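Chemist: Sequence:
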Amino acid sequence: MKSKIILLSKEAIIAGLSKYRIAGIHYVFTNNKKNKSNSDHVLRSKHSCSIYSNHCSLILQEDIMYKKIGIGILLGILFFSTSLFGQWLNWYEESPSASGAYRAVVAADFNWDNLIDIAAAPTSGGIQIWYRTPSGWNPTPEIITSTGTYRSLAAGDINYDGTTDLVGSGTTIGAWLHNFISGTFIWEPANNFNPAPAGSFNSIALANINQVLEDYGCVPMNDCDGMKIPFPNGLDIIVTDNTDPGHGIKVYRWAGYIFNNDTCQGSWELEVVPGLPGNGYYTQVISTDFNLDSSLDLAASKDGGIDVLFRSLAADVDGCHMDDKNGNFSPEWRLQNGASGQSDILPSHGNYKSIASADINNDLFPDLIASGVPTERPDNAYGIEVWYGTRGTIDWLWFKEFNVSDPLDSLLIPGTYLYVVISDFHNDNILDIAAGTSSNGIKVWRGQYYIDNPNMPCPPAINPAVKECPEPKTYFWYADTPPVTEGNFPSLSTSDINGDGKNDLAGADFNATSGDKGVKAYLETSPNTFNFSGWYPVDIDSFPEFTIFAGMKFSGTNVYGGTDGMEAFAPFLGPDLDTTGPMIIATVEDLNPSDNQSEVKIFKTDGEGKWEPECTPLAEGAYEDAIIVNINNDRFFDVVAIRRANAGAYGIRAWLQIATCVFQEISNGLSGTGNNYNEVVVVDINNDGFNDIIAAMEGAIQLWCGLPASPPTLWTWVQCGTLGDGRNTRSIVAKDFNEDGFVDVVGCSYSLSGPHGLTHYYQMNGGTQWGTYQINTSIQCQRVYSPRFTTCLPNENDEHWDIVASSLDSGIAIFRHVLSGSEWTWSPIQSPIASNNISRAIALDIDLNGRTDLVARNTTNLGLSTYNWDCVQWNPATSDSGFICTDMDTADFNNDLLPDLVSTCQNQTNTDHVLRVSYAYSTPNVPSLINPPNGATLNTREPQFQFSSSSSYTNCFRFKIELEDGNNLSIHNGAYSPKGWNTICYDSTQVATYNFQVDDIFPEGLPNGNYFWTALTYDGFRQSNSSLTRVFTVNPTDQTPPSEVQDILVEKTTGGVLLKWNKVPETDVNRYRIFRGNNSTFPLIPSSMIGQISSPPTNPVTFADTKPSTGPLMFYKVKAVDTTGNVGP
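So that you can map any letter, position 367 of the sequence shown is 367 in full-length UniProt numbering, and since no number is skipped, the others follow by simple counting.
Treat the hints as calculated values from the structure; they're not laboratory data. Please read all numbers here as calculations on a predicted model, not as lab measurements. Hints are supplied without guarantee of correctness; some may be wrong.
Stated by the list, open to error - The calculated label-pair distances, taken between Cβ atoms and stated as ranges, are:
| id | residue 1 | residue 2 | range |
| --- | --- | --- | --- |
| 1 | PRO1096 | ASN328 | 17 to 25 Å |
| 2 | THR722 | ASP161 | 40 to 48 Å |
| 3 | ASN1070 | GLN1046 | 47 to 55 Å |
By construction, the Cβ of each residue, glycine as well, lies at the ideal position given by its N, Cα and C atoms.
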């Protein structure tokens, strides 16, 4: 790892500060590159700052050099490794078998299986869809035939039917709807354009540009089979028309279906709206809501600069009537490239290739990232620029990052880049940049937090007497690990491809030749920061709703859905099944055969620790194993289970779910009666697109291939193979171990009289024969599990499927699958335990450091053992002692990206049987209170509160605000709580800082007085100690509230209720709050506040309640609020 040297002031080191500065300017030194004299070195500061913005940037590069400094200054030098900035990104390639050159890619889930697929446009024409499966990519793509070749692709749900559709631009514009018909996905063209597009189109995007007009019902009518229907809500197409010499930007409205060629087909209508450029050569267009007015805007790069176009409404007597605006309006586009004298101006010259947008600086407003050649560059150098957007008094303002020490060095990141995307690759809630190059692969830069820099001098272009000098900030971008260093990538797409909670990259390689993979997928495996503290056990059958299951003894369990921290499980969950998280299926030893109850149980979770039963088929009898699968590729989950010997009509049973919670048994042909089965796996053995059954039993492994039928209830099975040589196979896993496109099987065997060990069965000769490889012949194998092992050494992380086996006599055995030349071998590696009876061992990354750890159920010391690999040895930690647990599986059950466990357990006396979920947790740290400052006297009744936590997996804060007289000002779930804590939780994990305004919680503001406030952090299982208590005083200069709002008129309209009132006379009133309740004394709390109008331009003021309550009476209150936060009566 390269070292970096940071020059600090002596005082900074003595104070132990984490910020480092010399005269307010940061310097970075690296690599000690010397000149010919080997004595003097050059110091270059890469410090960038906009002359108008309060954002500056420091770019850490590998070529910065330093000048020799005296011994006195050396006291202020600090050596540190690059780990100061966190872990470097780790990437590995897992690309589909796409051969040749490609121009465009887009990543999305096209088939409802919760896995990210890739649509790609080859240079030869048409579009390919590469579907991802739990074991990798399908070996061949689905082809969308088209006569066009495409330079750009975009995906989205065009017609709002729940499926992901596709559009492309190039030699033409193409659109396809992905429809689910009779259990099958079908791509249907939607290419009725009016007028028909002709020419060349560089870039395409999907967005609901016309959402505002649609919300007001202002849509034209369409004709489908003689029926007049309005244009439906849906996504519109935005394209750049680059037909020579360039025809600007076009918007095609989604018009629904029209009658054409005897069918109703998807159609588009060219929108004619003033302000949209009709000329110019635009290279890329994107859509986002820059000014947060609920109308989507456009940003586009072009040969000639960058344009930002805001969509707004203009008064028009022939336009759409809008009741709440008291007039008729039509849309228009307004150029918003900055205001001269108030901000920087977006470039109107230069050659720009690509553009992206995101809120980089967390001010809620989207910013811009662009790659190209600014005209102010004398050397015509390419690079990446960053522009920060914010609201001005009239026009939109843009502030550009540039190098203050060299005004000509306008490029934040120099280099030639064809395509830029922005994403959070480090999962640290800070955005990073990735860019495709013309020959050097894909580059990535990591973003870092802003750091206060009060000593930075005021930029010379600002006269402090005229304009206030901004408070400078420093933002770090530094080059991170690139996923690939070769190739031409004109198109990138970012998404969580493998479902591990990290953002990955897909790219189109334009330089790939025949035989080379032209569609690339790079998966990000960098570790998060998580300090594993232990397991928090919750027994599912201990909830009150499970009292009917009291006394049941669980024999086995499996998980369907979720992420186990090492690989992605891939459930096929459609919209007809309300399941948002992983499900657990468990089998029960039938202690009461006459109860006629199903002994296969399924439980689902809300992701917050609560479990409830899910519908199951009627599976009476004693079962050994069961799994949830999708047999016939429809939108419902199905069930396959194995009975114990002679326990009914079938040893193997299968059920299709033909409607919501309606199961039909399809065990036809499964002649497993009387066989003693141990475990079942469902996978596509013969690559026909349908799932088959592999069952482990005493003496053999049976293969059963499914024969689809219509209707699906006529589905049958035929035995299509038998593996094994008389071994008692206790457990099996099925993966494409040899990476040849065919599923292999590893069997785990144990018998008192027969052979033991692990056997690899692999398909040969195109799947017509099976071969055998003996991995091990000595261990008394109980269960087998197949992860991809990762260690501390990159050369060992080959991404092949490996084996973890638990045994009666040898503890845990680990075997890595290694490709040596053209031969596959199995190689044993160090195990944390080589003895004891281990009933089940699972591999996962428990501390999220990128290395594989192990969790084992040990029947010898009755514990749950966690083994963490620290690159030298396995470090054990044990919990859950006192219970004997026989089976175990893993998934993320509470949406915190951490792997949790489910186990079937019983106590030592066999009197208490449980299905136990063990949640991984880390004890959170005490939060820091940032604002209001301790001891401050506030001149507002609406202060902003801010607190932060260094605990990476804290997703809840609890805080208490208390008046000196002991009156808590806490609320909970929208209602006042007399005492206690108010809890605020994030939907995602890794909360670093939380901000809230007082009016978010106390709509009437804080009354005068002295206040105490404190906070703690909470992760769902453990909470931290309370923070230090802070004291502040609310005593604003302005103590006078505004007048009471008089003469409120209420009118019932077709869209709801319209309120009108006259403004109060006070000039410092800047907003009105509207409340609604079901009686005249309802409290003024957040749940009753239905809206706020800021600085209303008209008198009387109007407010439209478009979602009134359904009660017989509604009561409204309107309160005037001044700039101090005083609320009127």
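Chemist: Please name the hints from earlier in the document that this structure breaks, with their numbers sorted from lowest to highest.
Modeler: 3
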